[in-house]
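Student: From first to last, the protein sequence lines are chains D, F, W, G, P and H.
Its first residue numbered 0, the first sequence is counted upward by one per residue in numbering that gives the first Met the number 0.
Its first residue numbered 0, the second sequence is counted upward by one per residue in numbering that gives the first Met the number 0.
Its first residue numbered 0, the third sequence is counted upward by one per residue in numbering that gives the first Met the number 0.
Its first residue numbered 0, the fourth sequence is counted upward by one per residue in numbering that gives the first Met the number 0.
Its first residue numbered 0, the fifth sequence is counted upward by one per residue in numbering that gives the first Met the number 0.
Its first residue numbered 0, the sixth sequence is counted upward by one per residue in numbering that gives the first Met the number 0.
None of these hints come from the bench; they were simulated from the model.
Certain hints may be false.
Copies of the same chain look alike in the list, so a pair counts if it works inside one copy or between any two.
Claimed, not checked - List time: in silico BS3-like cross-link candidates among lysine-lysine, alpha-carbon distance up to 27 Å:
hint : residue 1 : residue 2
1    : Lys218    : Lys230
2    : Lys158    : Lys230
3    : Lys218    : Lys158
There are 6 protein chains.
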Amino acid sequence: MRLLVINPNTSESVTALIRRAAEAAAAPGTEIVTDTAPWGVPYIATRTEAALGGHVALEMLARHQPGYDAAIIAAFGDPGLGAARELFPQPVIGLAEAGMLTACMLGQKFAIVTFSNALTAWYRECVAWHGLEGRLAGIFTLTESFRDIGDVQVEKEEKLVALCHSALAASDADVIVLAGAPLAGLAHRVADRVPVPVIDCVAAAVCQAETLARLNPRKATAGSFARPGAKAATGADEALARWIEGREGAVLPG
Amino acid sequence: MRLLVINPNTSESVTALIRRAAEAAAAPGTEIVTDTAPWGVPYIATRTEAALGGHVALEMLARHQPGYDAAIIAAFGDPGLGAARELFPQPVIGLAEAGMLTACMLGQKFAIVTFSNALTAWYRECVAWHGLEGRLAGIFTLTESFRDIGDVQVEKEEKLVALCHSALAASDADVIVLAGAPLAGLAHRVADRVPVPVIDCVAAAVCQAETLARLNPRKATAGSFARPGAKAATGADEALARWIEGREGAVLPG
Amino acid sequence: MRLLVINPNTSESVTALIRRAAEAAAAPGTEIVTDTAPWGVPYIATRTEAALGGHVALEMLARHQPGYDAAIIAAFGDPGLGAARELFPQPVIGLAEAGMLTACMLGQKFAIVTFSNALTAWYRECVAWHGLEGRLAGIFTLTESFRDIGDVQVEKEEKLVALCHSALAASDADVIVLAGAPLAGLAHRVADRVPVPVIDCVAAAVCQAETLARLNPRKATAGSFARPGAKAATGADEALARWIEGREGAVLPG
Amino acid sequence: MRLLVINPNTSESVTALIRRAAEAAAAPGTEIVTDTAPWGVPYIATRTEAALGGHVALEMLARHQPGYDAAIIAAFGDPGLGAARELFPQPVIGLAEAGMLTACMLGQKFAIVTFSNALTAWYRECVAWHGLEGRLAGIFTLTESFRDIGDVQVEKEEKLVALCHSALAASDADVIVLAGAPLAGLAHRVADRVPVPVIDCVAAAVCQAETLARLNPRKATAGSFARPGAKAATGADEALARWIEGREGAVLPG
Amino acid sequence: MRLLVINPNTSESVTALIRRAAEAAAAPGTEIVTDTAPWGVPYIATRTEAALGGHVALEMLARHQPGYDAAIIAAFGDPGLGAARELFPQPVIGLAEAGMLTACMLGQKFAIVTFSNALTAWYRECVAWHGLEGRLAGIFTLTESFRDIGDVQVEKEEKLVALCHSALAASDADVIVLAGAPLAGLAHRVADRVPVPVIDCVAAAVCQAETLARLNPRKATAGSFARPGAKAATGADEALARWIEGREGAVLPG
Amino acid sequence: MRLLVINPNTSESVTALIRRAAEAAAAPGTEIVTDTAPWGVPYIATRTEAALGGHVALEMLARHQPGYDAAIIAAFGDPGLGAARELFPQPVIGLAEAGMLTACMLGQKFAIVTFSNALTAWYRECVAWHGLEGRLAGIFTLTESFRDIGDVQVEKEEKLVALCHSALAASDADVIVLAGAPLAGLAHRVADRVPVPVIDCVAAAVCQAETLARLNPRKATAGSFARPGAKAATGADEALARWIEGREGAVLPG
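Work the whole structure out from these sequences, hints included.
Tutor: Structure below.
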């Protein structure tokens with residue numbers, strides 16, 4: 000099985016973290032392919048940056064067609080997820096979605112814990128889009144600046160553990176979701192210092208992508224995730240335009 | 000007062016409809032500036048198309064800086080609205096937002112009536128994003144194809160009036176919101192054939208943009224619509240990149 | 000255009016504040032007519048007082064018929080609003096409604112800030128009636144007594160600014176709605192001391208009333224705001240009784 | 000025990016129905032005192048009429064002070080209920096409240112069935128005010144006119160039974176609430192023709208009023224139903240003004 | 000009238016408290032029959048214990064058939080309530096349900112106050128099952144251990160009064176529900192030390208059971224509380240099996 | 000990896016269906032252990048039957064301790080799930096939970112389709128317990144009787160496919176969840192006759208149980224799923240009593 004894991008941020012250092020966590024979580028026989036956004040921002044934190052991230056995510060998924068069994072959009076706010084799910088034939092999963100739904104199987108309420116309060120509004124909108132506000136115990140963030148997005152999980156490890164404890168004290172959380180691709184792999188290191196299950200979103204997403212690939216659902220031809228009708232896509236990236244314009248079949252053998 | 004009305008679709012014919020309706024609704028002394036998306040699709044109907052539309056809307060708003068008092072994103076699903084509201088100093092309003100909030104002042108529940116069922120899922124997500132699901136009586140759409148997006152309001156006028164009647168019979172709607180920029184101006188023509196108020200979203204948006212421009216609210220420096228910190232925006236359109244990177248001041252006098 | 004602004008409280012000093020703020024906000028050519036409740040309480044704060052206020056608001060609107068293009072019920076809890084909207088042909092807007100819906104165009108969540116905690120329950124019920132609980136960040140009130148309802152905005156100005164800051168720190172508010180007719184005009188004076196947009200409800204209501212008057216929606220003859228059938232109204236105020244009994248046409252030329 | 004049952008409508012014929020149903024439901028030793036609104040409309044159906052009804056209900060409760068152990072506002076939309084609960088020391092219950100809460104003990108969802116569709120909007124707002132929307136299966140009404148409000152339950156008996164069956168077929172109702180004081184006593188006659196429990200609101204209200212009188216809760220001095228501070232009530236009915244102005248003690252021995 | 004009050008816990012000391020409070024609340028002529036669970040745990044606090052409690056409650060109700068007019072499941076989380084309501088012909092009421100619905104007639108929001116934080120999750124799920132989350136101001140619990148479940152209300156009386164005050168300060172509660180059968184009778188003793196109404200759930204449940212017995216609703220034969228079709232119940236308690244298997248008529252003279 | 004799949008129904012024929020679907024879905028190296036309820040009903044459909052099923056599920060999980068890596072409660076309403084999750088150290092998953100959460104990754108709304116309308120109320124309460132009402136498009140059931148629970152999926156195959164089509168036409172479902180253990184394996188056979196993804200709950204549950212076992216979360220010692228304190232469990236099944244009483248360590252090596 001081949002899983003495509005796209006990082007809609009431009010930070011190669013974050014892609015490296017994602018790759019390591021994904022490979023650690025993958026089943027035997029699962030191949031992990033990663034890719035980093037060719038344009039955009041180093042890490043998405045705001046609605047503006049997510050607007051760019053959603054667009055580039057679609058381009059990246061289009062460029063890798065048809066070479067994967069399932070794909071992961073590896074940014075916690077799931078930029079472009081709904082669009083990708085309607086456009087492409089393979090299952091596509093978001094990091095937030097995978098982390099939250101997996102958390103739902105371990106408790107009634109989950110707290111989202113992350114490293115920057117700039118992320119709060121975008122994450123809150125993401126939780127609402129998924130209809131999971133009733134399962135959310137709260138979003139808890141550090142408030143100080145950090146050195147380097149590729150290293151933030153090491154720099155803030157102790158503070159994030161302390162924040163998990165604060166989140167449990169201040170809410171009715173049963174599970175912690177460590178949010179954001181830059182924290183990929185951290186859950187494993189801190190699990191024994193937090194008294195409830197801690198979800199690593201990349202690990203959860205890899206397992207969920209494998210689940211969907213194994214269940215092998217058909218592409219919807221009805222409902223709101225049926226593929227949209229072909230339409231001219233002037234000025235769009237060629238790979239993506241082929242999909243929007245319904246001419247991907249003409250140029251791709253298979 | 001100068002209002003910028005951007006059409007995030009590539010259809011000049013729709014821009015012409017928008018311009019006409021906007022000018023008819025504007026107060027004396029309000030200048031309407033319109034612009035059509037330089038890239039994207041002829042009309043946005045799906046999540047995929049909205050992802051592109053959100054991006055191009057930001058580019059268009061950035062390019063017109065700082066020459067307007069308030070802006071309108073003239074597509075009913077409000078692509079890019081949250082992002083624009085955090086990034087730019089002027090008030091920015093969406094067509095759906097203006098239409099729905101204005102409808103709220105004329106009744107308890109509004110029905111959204113439009114010409115294509117391809118729009119339903121996107122509109123539903125837009126209503127949810129605005130937190131107005133409790134005010135929505137339903138989304139009602141025609142189900143057949145149409146000839147030309149710039150002419151659909153004429154071709155389907157009778158059928159849309161009939162659909163307004165069906166919507167009232169099938170729901171507890173007090174007001175009809177005629178949705179979608181391609182229907183700009185239609186409400187006026189059909190008002191006397193529908194027994195409840197009918198909202199023209201372009202007209203509502205012009206009035207609301209004037210309202211915000213007159214109230215002249217300060218740009219937030221706190222809360223989730225404070226301007227995001229500067230960040231590298233590799234590969235982005237130059238006008239937009241200047242804003243994301245916080246260097247719009249260097250190149251723009253004033 | 001002629002806007003009727005009724006104060007359902009008996010305080011002339013509050014009417015004076017409302018008038019000043021309304022005139023400052025009105026467009027050129029808009030005439031502001033104000034009126035003060037002939038009976039009731041000096042300022043409405045509780046459910047009991049609002050029950051009286053709702054009744055007197057209807058009487059006042061009936062007495063001024065048909066001399067206005069749109070009306071404003073100038074008390075934040077919008078007493079009598081639903082009733083007025085079903086009974087009279089012109090658009091009628093509430094202070095709370097106008098303030099909250101305008102705030103919705105400037106952020107995702109608004110905080111209501113006011114001068115007395117006696118108002119909290121009534122305001123909470125008003126927010127719920129409008130279906131805007133999902134947009135409310137919280138209701139924040141001073142807790143101490145005040146000297147004079149016509150002067151409370153001057154006496155408490157510093158404390159209200161401090162309360163805006165507390166509200167922002169304690170909630171996820173993006174906008175502040177300064178609530179209550181006695182605070183009319185205050186937003187303008189404090190705007191530069193609060194880091195998010197501050198809504199003056201009277202100013203917002205004037206703009207929204209102008210918007211509705213310009214859009215000129217038809218009076219509903221279907222839905223829940225169609226005019227109720229005529230019914231005997233024994234013992235009611237004559238002007239109001241004429242409207243409830245459907246005989247306003249007999250006595251009013253035009 | 001003495002229960003005051005006020006009819007906020009002016010129809011003596013409806014008061015007679017209420018009295019008969021209340022006496023049939025009362026426990027031995029419970030005295031039923033009824034009163035009919037001295038001003039207002041024959042039966043409340045709309046928001047406008049409810050605004051008057053809420054006011055007159057307060058006047059009636061004030062005039063009967065302090066001669067009762069608990070009171071019932073005998074109109075289904077519960078006009079004036081929140082106000083009465085904050086102002087007076089005895090428990091006050093609404094017909095809708097009593098009927099709906101009693102229904103909740105007999106099933107998960109209740110349907111409201113009544114004789115006129117003019118009542119729908121007012122009833123819907125009443126259900127929402129009570130926070131019981133999640134328990135409501137629907138509001139089902141006859142749509143044709145009726146002869147006489149005091150006789151509507153006889154005239155429409157068969158049609159209302161048929162409507163109960165339609166309501167069960169069209170919704171997931173477990174219980175039927177026969178709504179509106181004009182239907183007082185009907186539930187008993189039709190119970191064996193409807194396959195789920197049918198609630199008579201007057202009977203339910205009498206039992207609930209007895210329950211509260213027996214539990215004898217203290218009047219709140221905290222929370223949102225503490226008695227409001229005294230305030231001038233210019234132009235109000237003398238009995239009510241005494242209560243709003245906090246001088247009921249001066250004139251009433253006891 | 001004969002009310003069956005079953006304690007689904009195995010603590011005879013708690014049954015004694017329940018009996019005393021029930022008899023104090025009962026109307027003249029109401030006979031109270033109590034029973035203690037033959038198996039299970041001394042007091043139910045968790046989901047696991049409630050699973051056992053729900054089962055034993057059904058067995059107890061089956062064994063007492065047909066000798067009662069209405070029954071009360073006297074544990075605050077209402078174990079087995081939905082099941083009992085569908086299976087047996089008489090009305091069955093839960094302690095939480097009765098306490099909360101009665102509280103709803105005395106204020107807009109109620110706070111649940113109890114002696115152990117182990118109860119919080121179970122209570123929260125119970126409130127949600129009843130669809131009353133919108134009326135809940137919060138669940139407030141002591142956090143320390145106690146000596147003896149039959150004596151906890153005496154040991155903690157002062158601390159529970161203090162907790163009522165904290166609950167009022169920290170929330171918008173209008174009423175206090177003293178939760179848990181072990182607190183039966185306490186409300187009466189503390190009522191004058193708490194500034195809002197305090198509900199004794201056993202007293203409320205007795206009054207509500209009497210209400211339902213007097214209203215004498217028919218057993219549903221439609222809706223989700225119609226009696227389930229007969230089915231083999233291998234290995235179940237004989238009295239309960241007779242009801243599940245639809246052969247109670249064969250063995251019980253009627 | 001060893002997955003325990005318990006059937007809380009007494010039907011061996013259903014267990015056989017579950018086993019076949021589970022083995023077909025399991026990853027290489029996953030061992031499936033199934034067990035059938037020693038007491039209870041042939042298939043759970045109602046609240047009463049679920050009360051028994053929840054109890055027996057706990058007994059079965061206790062008896063198999065500690066021999067599995069994760070467990071599945073293989074009845075769609077998830078009887079006993081919350082209890083099992085707090086009591087036992089291994090992950091436990093419900094059939095409904097797994098099916099619904101997996102469906103969430105393939106669309107915005109899922110429809111539940113099943114063979115008997117007796118199941119509707121129980122399923123609806125299950126969806127609510129999981130906080131997924133906002134994702135539910137509707138519950139759609141056949142209404143006629145069936146021959147044999149172990150064969151219902153064959154007997155009704157065509158009718159269930161037709162019902163999937165009806166569900167899509169009548170709702171905004173993006174995915175179908177074929178609900179109920181008796182339908183295990185059916186999704187695979189009908190997938191190409193339904194135009195949206197169809198979820199087999201047993202297959203989904205096996206994948207999700209593997210996911211949790213691989214992620215290997217710690218047992219919570221805080222939050223609402225921490226193991227309850229030890230308590231006497233008089234009259235309970237010995238294996239379950241050992242767990243409730245905290246003495247499982249004394250008798251089980253390891």
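Student: All hints, please: hold or fail.
Tutor: Here is what the structure says about each hint:
1. Lys218 - Lys230: within (19 Å within a copy, 38 Å between copies)
2. Lys158 - Lys230: Close across copies (24 Å), not inside one copy (49 Å); limit 27 Å.
3. Lys218 - Lys158: Between copies, since 23 Å is at most 27 Å while 43 Å is not.
The structure is consistent with each of the numbered hints, conforming to all of them.
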